[in-house]
Amino acid sequence: EADIYQTPRYLVIGTGKKITLECSQTMGHDKMYWYQQDPGMELHLIHYSYGVNSTEKGDLSSESTVSRIRTEHFPLTLESARPSHTSQYLCASSVGEETQYFGPGTRLLVL
Amino acid sequence: QKEVEQDPGPLSVPEGAIVSLNCTYSNSAFQYFMWYRQYSRKGPELLMYTYSSGNKEDGRFTAQVDKSSKYISLFIRDSQPSDSATYLCAMSPNAGGTSYGKLTFGQGTILTVHP
Numbered sequence: 001e002a003d004i005y006q007t008p009r010y011l012v013i014g015t016g017k018k019i020t021l022e023c024s025q026t027m028g029h030d031k032m033y034w035y036q037q038d039p040g041m042e043l044h045l046i047h048y049s050y051g052v053n054s055t056e057k058g059d060l061s062s063e064s065t066v067s068r069i070r071t072e073h074f075p076l077t078l079e080s081a082r083p084s085h086t087s088q089y090l091c092a093s094s095v096g097e098e099t100q101y102f103g104p105g106t107r108l109l110v111l
Numbered sequence: 001q002k003e004v005e006q007d008p009g010p011l012s013v014p015e016g017a018i019v020s021l022n023c024t025y026s027n028s029a030f031q032y033f034m035w036y037r038q039y040s041r042k043g044p045e046l047l048m049y050t051y052s053s054g055n056k057e058d059g060r061f062t063a064q065v066d067k068s069s070k071y072i073s074l075f076i077r078d079s080q081p082s083d084s085a086t087y088l089c090a091m092s093p094n095a096g097g098t099s100y101g102k103l104t105f106g107q108g109t110i111l112t113v114h115p
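Chains as they are written, first to last, in the numbering used here: chain B, 1 to 111; chain Y, 1 to 115.
The hints are simulated quantities; they were obtained by calculation from the structure and are not laboratory data.
Since the model is a prediction, treat every value here as computed from it, not as a measurement.
Ideal Cβ placement from N, Cα and C applies to all residues, glycine included.
Wrong hints could be hidden among the right ones.
[To be verified] Partial list, computed: chain Y residues near chain B (C-beta under 7 Å):
#1 Tyr39
#2 Lys42
#3 Gly43
#4 Pro44
#5 Leu46
#6 Gln107
[As the list claims (entries may be wrong)] Straight-line C-alpha distance at most 25 Å; calculated SDA-like pairs for lysine to any residue:
#7 Y:Lys2 to B:Thr77
#8 Y:Lys102 to Y:Glu45
#9 Y:Lys42 to B:Tyr101
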């Protein structure tokens, strides 16, 4: 079983608030990813990192930012949440190009 | 046009049925093919992984890749109610280049196996 954790699991917050979604993995994987998933839709990559101090934007434009100061930690931040940010956010990690392990996800609702 | 197309279903089958799930793709650079299973309110978990063309079997699950047709399939034999979930296909290009290591997902097929 994959050891990748996300907190909080559920978050309801008002417009304009700053939020940080946490993601940690204990497998020592260099590569980490953030995906956004809306109901009935495919996962879209919004950020990825190939190691400490390495971050790149994914295929789907996002107003969020990420940081990678430690191998095991890859937080995602929204400076000012808006209703359009309502979605499920999934964090994943991998050591190779094929086996990405996913966390349980954070369901975000912005009112 | 999306790079990966997957019929969203939903698909409803009786227990014990053989289930066939499929994806088509357009990017000939894809070399790694995966199937993930996602239960409601959970993250996806890796079921099967195949490199290039061919078949791979793991218990009740068989993954097939036909690169000439750009078509992949997942077969589930003797389906069980516990197989009820959303099944996502995912693909990754060959090593090298800016897309290395990044997965492109299908929309997911919702499967329900009823007793």
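Going down the list of hints, with the structure as the test:
no.: 1; hint: Tyr39; verdict: violated (10 Å)
no.: 2; hint: Lys42; verdict: holds (6 Å)
no.: 3; hint: Gly43; verdict: holds (3 Å)
no.: 4; hint: Pro44; verdict: holds (5 Å)
no.: 5; hint: Leu46; verdict: holds (6 Å)
no.: 6; hint: Gln107; verdict: holds (5 Å)
no.: 7; hint: Y:Lys2 to B:Thr77; verdict: violated (28 Å)
no.: 8; hint: Y:Lys102 to Y:Glu45; verdict: holds (16 Å)
no.: 9; hint: Y:Lys42 to B:Tyr101; verdict: holds (12 Å)
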